[in-house]
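The whole structure should be built from the sequences, with the hints applied where relevant.
Listed in order, the protein sequences are those of chains H and Y.
If you read the first sequence in numbering that gives the first Met the number 0, its first letter stands for residue 0, the second for the next number, and so on.
If you read the second sequence in numbering that gives the first Met the number 0, its first letter stands for residue 0, the second for the next number, and so on.
Keep in mind the hints are simulated off the structure, nothing from the lab.
Computed from a predicted structure; not experimentally measured.
We treat Cβ as the ideally placed atom computed from N, Cα and C, and that holds for glycine.
If the Cβ cut is set under 7 Å, some of the chain Y residues that face chain H in the computed set are:
no.	residue
1	213
2	214
3	215
4	218
5	222
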Amino acid sequence: MPRPAPLIEMRGISKSFGAVKANEAVDLSVAPGEILGLLGENGAGKTTLMNVLFGAYAPDAGEILVQGRPVTINSSADALAAGIGMVHQHFHLAPRLSVLENLLIGIPGKSGRIDRAGGLARLGEIGRQHGLTLDPDLPVSALSVGEQQRLEIVKALFRGARLLILDEPTAVLAPTEVDGLFSALRSMAAQGLGIIFISHKLNEVRALTHRCVVLRHGRVAGRVDAPASTTSSEMARLMCGHEIVPPARGPSTPGAAVLTLDDISTSRHSGMALRDVSLAVRAGEILGIAGVSGNGQRALAEVISGVRAPDAGRMTIAGKIVSRFSPREVQALGLGRIPEDRMTTGLVTNLPLADSMVLPRIGTDAFSRNGLLRPDAIRAFAEAQIKAYDIRCPGPMTRAGALSGGNLQKALLARELAFDPKVLIVSQPTRGLDIGAARFIHEKFLDMRAKGCGIIVLGEDLEELLMLCDRIAVMYEGRIVGTLASADATIARLGLMMTGAEGHG
Amino acid sequence: MFRLEARTNTPAWFNLALPLLAIGAALVLCSGLIALAGAGVIEAYGVMFSASLGDSYAITETLVRATPMIFTGLAVAVAFRAKFWNIGAEGQLLAGAVASCAVGAIPMPGPLAILLMAVAGAAAGAAVALVPATLRVKFRVDDVVSSLLLNSVIFYALMALIEGPWKDSFSGYPISPPIEDSANFPVLLEGTRLHLGVVAAFLAAPVIWFLVMRTTLGFRIRIIGENPEAARYGGIHVERVLISTALLSGALAGLAGVGEVGGVHFQVMSDISPGYGYSGIVVAMLARLNPLGVVPAALFLAAVMTGAEAMSRATGVPAFLSDVIQGTALLAMLVALLFTAYRIRRVGTAK
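Structure representation (structure tokens):
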């Protein structure tokens with residue numbers, strides 16, 4: 000089938016940052032009605048390429064054509080004028096303003112007044128066309144993450160985008176929300192819009208896109224014309240340049256319980272409260288906690304990490320009762336923690352990487368004596384971990400924020416595992432990571448399991464949980480509604496329990 | 000057409016180049032004002048330079064001027080590292096001056112008096128800084144506003160003291176009684192005002208640098224300033240570190256007041272500080288919050304201040320120019336800081 004003339008064409012795009020070639024001679028085009036998958040590992044140049052298209056960076060070489068005409072895009076305003084809309088990973092919304100007000104930001108009304116009626120009409124129209132309905136008067140702060148993303152998409156369409164770029168849109172969504180997003184994207188494509196879909200998740204790319212471009216080290220490593228009939232492992236090979244084999248979880252003989260929670264309850268401080276949560280993780284075992292986010296996982300992680308004391312219940316780590324619930328106490332008892340949000344609760348992006356790597360243990364003899372830092376020990380530790388975990392960065396004094404997500408996750412893993420924790424609590428361990436980095440993280444967890452560490456993994460990605468965990472408990476509305484051995488668990492059964500449909504399993 | 004692009008790293012030489020650039024820009028911008036006042040720019044800056052750095056006496060005067068600003072600059076640099084927005088160094092300085100003057104008026108051997116004056120002044124400054132820090136930790140009160148407004152409270156309390164119960168009965172002016180002669184700081188160089196406090200200030204800078212960069216407290220100060228959430232999860236008591244920072248910052252600002260009383264004025268009057276607390280903010284920003292950088296930054300501002308008076312006498316340009324240079328240098332530095340995060344790139348204009 001001959002493809003219609005491209006909506007957008009990028010020819011020979013190159014962009015360097017210092018010595019790093021982020022993009023090199025990249026060609027890419029999207030036809031009307033086409034959903035193009037843009038694949039690549041972290042650091043392969045996907046985001047840079049899209050930032051060039053959206054006007055955030057000027058390319059060093061190459062040209063951009065919109066409907067056959069060369070254009071210069073110097074700002075997001077230029078991009079919007081050319082009919083290009085982008086939904087970033089981090090949303091650009093004003094939380095205190097309503098849905099409608101967010102839509103109308105930057106849109107001149109008639110004689111200085113806001114065209115509320117016109118905005119409402121357009122919002123309703125877009126909603127009906129693609130199933131993207133939103134309450135116009137709700138403040139953005141009251142919207143779920145999925146609804147905020149919907150608003151970003153509507154915003155782009157509202158401004159007349161004919162090409163929509165979505166940067167890892169499913170990373171923030173629950174499995175049920177992904178279906179809704181996909182049907183909206185298909186409906187938009189059916190009406191002649193072009194879509195660029197950036198993702199790491201190969202099964203999603205295969206289900207949704209018509210064609211794929213795979214980037215590696217800034218260059219086009221391959222093009223896939225029929226993603227649906229191409230296997231995930233073939234695509235993975237294009238992305239990584241080599242075969243990726245999922246790690247196998249061998250049998251293990253769990254030992255004594257290293258973490259127990261008995262009837263832990265919390266007040267409704269922020270988000271869902273915990274109600275009578277009891278669970279136990281044994282040495283050499285990986286316990287998964289599945290659940291749609293917002294069902295108490297955050298409170299559970301906060302209690303176990305020692306940043307929030309429960310109102311009732313008892314917790315033990317390595318057989319000792321946790322009494323004060325401070326991060327220092329649980330850490331001293333042998334708890335390691337890989338946080339859900341690397342940037343906010345894990346690392347200090349503006350300071351050298353080494354500082355983040357020693358942060359939780361700065362007061363211990365390893366890094367300080369009598370209140371004086373041991374700079375050489377800190378540096379040596381960071382350098383050793385950078386080497387051991389193959390963290391890609393110029394050195395321990397690099398600003399942590401300059402590293403990619405996968406490398407930051409490795410750094411967090413390194414800082415916790417270096418001290419042989421008895422229990423490890425992990426939230427969404429591979430969110431936003433590419434296959435290679437995710438694979439590395441999974442292997443490390445299995446290594447720790449073999450060494451007798453008890454691991455508790457909170458997550459929404461059921462495939463990942465089934466692969467990693469020995470047992471999976473399901474959380475719903477602040478309770479554990481059931482626990483299954485992985486051998487008995489299926490995605491369908493877990494999915495049902497996550498909606499609260501099944502009682503104690 | 001030019002545009003800004005995010006930088007991935009900041010070269011080390013920026014730390015030196017940016018403040019110099021900002022100072023240069025401020026001097027160029029202010030030369031317009033000098034010309035407007037009807038004086039020769041070269042001549043005016045020439046007088047300024049010779050009166051502040053031209054001979055050994057001028058240099059000692061600049062050093063004496065720089066001393067309180069080194070202390071307030073360190074106070075602000077330490078506080079800002081932790082993102083404790085202490086705009087109250089002025090009030091803390093005044094509190095330090097009052098406390099040290101009260102102690103200095105008690106007859107006792109000189110060395111003991113000087114030691115106790117320093118302790119009292121530092122404690123008074125710390126006590127004042129504790130107020131906005133506690134309000135922030137306990138009630139989430141904005142520390143910029145509370146620390147700034149507290150300056151007026153302290154200033155008028157000081158006025159009430161020296162207009163009323165503490166007024167010097169001999170002079171009849173609204174000034175406090177002088178401290179004991181034995182409590183006067185020793186002069187280091189005969190015929191100048193170079194006093195013991197100057198040496199203390201120059202020693203304080205490396206001590207504070209060591210504290211910020213090489214101790215666990217300093218580490219925690221830096222971490223809570225950049226990411227309090229990560230600090231909390233990492234087992235740092237954020238509130239406790241913030242209070243410690245405030246106490247340290249206030250104590251340093253209090254020491255600025257001690258130096259002025261013990262080494263320069265020997266009593267407290269309403270104009271004991273021409274805004275050294277606020278200048279501390281300019282100093283700290285020019286130093287990019289590096290305690291070692293505070294010394295040259297304070298010396299620059301001190302040179303401008305001493306030079307401006309001589310320039311005013313010689314050329315008729317109002318001495319207020321020194322305030323304008325200070326303000327312009329701060330604004331220029333804030334603009335220059337943009338270049339640590341962004342680079343300017345030339346792009347082709349649209350066809």
